[in-house]
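Assemble the whole structure, with the sequences as input and the hints as a guide.
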Amino acid sequence: MSAARRILIIGYGNPGRGDDGLGPALAAMVEREGIDGVIVHEDYQLTVESAQDVAQSEMVIFADASMDEAGRFSIVPILPVPSPQFDSHSLSPGTVLYLALTLFGAKPEAYLVSIRGYEFDRFGESLSKKAEANLAAAAKRVFALLSESVSSL
Amino acid sequence: MSKTKVIEIEPLTRVEGHGKVSIHLDDNNQVHDARLHIVEFRGFERFIRGRPYWEAPMIVQRLCGICPVSHNLAAAKAMDQIVGAPRLTPTAEKIRRLTHYGQIMQSHVLHFFHLCAPDLLFGFDADASMRNVFALINLKPDLAMQAVRMRKFGQEVIRATSGKKIHGACAIPGGVNKNLSIPERDALLKDMDQMKKWAQGALVIARDYTLENLSMIERFATFSSSYLALVREDGALDLYHGALRAMDGGGNLIFDQADYRNYGDFIMEEVKPWSYMKFPFIKMRGRIDGWYRVGPLARLNCSGYIDTPEAAKALVEFKSLTGGRPNHMTLAYHWARMVEVIHCVEKIGELLNDPDLQGEDLAVKGDRAEEGIGVIEAPRGTLIHHYRVDENDLITYCNLIVSTTNNNEAINRAITSVAKSHLSGAPRITDGMLNHIEVAVRAYDPCLSCATHALGQMPLIVEVFDTSGVLIESRTREK
Ligand code: NI
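Line order of the protein sequences matches chains U and R.
Numbering of the first sequence is given in my numbering, commencing with residue 215 and proceeding in unit increments.
Numbering of the second sequence is given in my numbering, commencing with residue 20 and proceeding in unit increments.
No wet-lab data here; the hints were simulated from the structure.
Each residue gets a CB set at the ideal place from its N, CA and C atoms; glycine is no exception.
Among the hints, erroneous ones may be present.
[What the hints assert, rightly or not] Straight-line distance between alpha carbons at most 30 Å, and here's what the computed DSS-like set of lysine-lysine pairs gives:
#1 R:LYS209 <-> U:LYS321
#2 R:LYS291 <-> R:LYS302
#3 R:LYS338 <-> R:LYS183
#4 R:LYS184 <-> U:LYS343
#5 R:LYS216 <-> R:LYS183
#6 U:LYS321 <-> R:LYS159
#7 U:LYS321 <-> R:LYS184
#8 U:LYS354 <-> U:LYS344
#9 U:LYS321 <-> R:LYS183
#10 R:LYS338 <-> R:LYS439
#11 R:LYS215 <-> R:LYS197
#12 R:LYS338 <-> R:LYS216
#13 U:LYS321 <-> R:LYS171
#14 R:LYS216 <-> R:LYS159
#15 R:LYS215 <-> R:LYS184
#16 R:LYS184 <-> U:LYS344
#17 R:LYS183 <-> U:LYS354
#18 R:LYS197 <-> R:LYS209
#19 U:LYS344 <-> R:LYS291
#20 R:LYS216 <-> R:LYS332
#21 R:LYS197 <-> R:LYS171
#22 R:LYS171 <-> R:LYS184
#23 R:LYS171 <-> R:LYS215
#24 R:LYS439 <-> R:LYS184
#25 R:LYS216 <-> R:LYS184
#26 R:LYS171 <-> R:LYS183
#27 R:LYS183 <-> U:LYS343
#28 R:LYS171 <-> R:LYS216
#29 U:LYS321 <-> U:LYS343
#30 U:LYS354 <-> R:LYS184
#31 U:LYS343 <-> U:LYS354
#32 R:LYS171 <-> R:LYS159
#33 R:LYS197 <-> R:LYS184
[Stated by the list, open to error] Sample of chain R residues at the chain U side, in silico, Cβ under 7 Å:
#34 PHE66
#35 ARG68
#36 GLY84
#37 MET149
#38 PHE153
#39 ILE156
#40 LEU158
Structure, rendered in structure tokens:
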């Protein structure tokens, strides 16, 4: 990993489960732009080893599908806060940040992008129409955030 | 009329997927039964019908976000038969093995350190605030860190062989997608010595825990059972390929070197009304006595030896505990898992030094067949994928027996055994008692998300019912 690359975007969810694939879909959009200094990861869920990648970054953007997001999407800053239960291979973004802090002493600036999805119960590699539209809206804001952040580094 | 009470535990914590445990008590608060229920729908086998066969190794990765590599490999092994490639090129087989050892190491390490170590280190009765990985981070930060770095190493092995996590895949019908470049190899090689040291350290922790707590462990969900695993032709442990061996609780072989393409001659599946998860059994032993265990404990019981030096020594020590007879202790799964971690790390080291990994011959093809059956030893045990494909290359039939389904009856027995010894006659059910049940479930490292063929993350529930079926207590651990 080169020292110049300091922004990490992790899109997570299962693209085989309808709108659950919103997170990886956003990651793929960012990757296609090929922005200098931005590393893109995709995964089915956040896992403990994500903490090591997070610790090597100055800024991290987590992207996930949401079933209960009130609007079409939201982008909020997040802090290292462990969820009360750590009971599986999959973690919350706050827990990943907490592991990065406690195990690696790193506290990058971090955001969670939650994109509203609608269909999570079906098998299939496609997003619903409404989710597609929300993704496009979220991506616009994420690109704006990235271009601000890249130029300020 | 007598009454039974039923206690339910839901969600089960530190278990993959979603399900619940119910414990049935009689009038005198004596446990007479306990069951693990899967409360989800299954649908993947139907979903994949009508898709072209070459998509299967890729699509099945979506079956479970925890186990994508295992499903990729099992499906690809089935599709090798469909494309007429009974023998892969050395490069293809070794790349598949490399990714497989990477995922087993990674899965076992996370399970042991982050999901189970809090129980083992702080006690099954410890306060709930202590029984989690954050307590581990506070008290043993070095162990928590090792686990993360070992996970990361396993992840890098998978990345180097599969490409991208979601949109890549290691195995394709008849071979693999890519080889390992010299820079990729060297990046992994530089961490090998460290991984070997940490794997040895983990083994010592698991072994010492077992030996120091032996009198408890011998009484905690210890019961005789049959065991099933793939073994190599010479009886050695082989996690990627071999033939099926089953032994009974006395260590006598029920069958051996059975070609897994004939699994239907040896294994049958029963459906019970209260769970979506099927109950497989060994045909010649029958519906009642044919249940068996799979996974690390079963593999060590079934294997005559291991072909890497440190794991070989560890296996001898493991087997000496029970005088060479099968080990029936549920909690010995932890020790067995760490023996396998050493083996995987040693195998990764061997493979990284093998120039075949840089070979260019990645896939082969021969005469097209209509049926394919792939079996591997996944982290949680024997995993079976079975497909039929029509003349238009479309899948017409799919049957999956996942590792956790193979352990279904064993997990139910383990829960019943612990419930009988810890809950029977108790005037009140405490959190510590319920955690004992969960400790028994967790020892098998079930992946309920695989077992239901449902996807995504699902929390698990413990319920207690009375004899008339009225729910009297329910524990739900919200996330
Ligand atoms: Ni799974």
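* Asked: Among the hints numbered above, which are violated by the structure, and what are their numbers in rising order?
  -> 3, 19, 24, 29, 35, 37, 40
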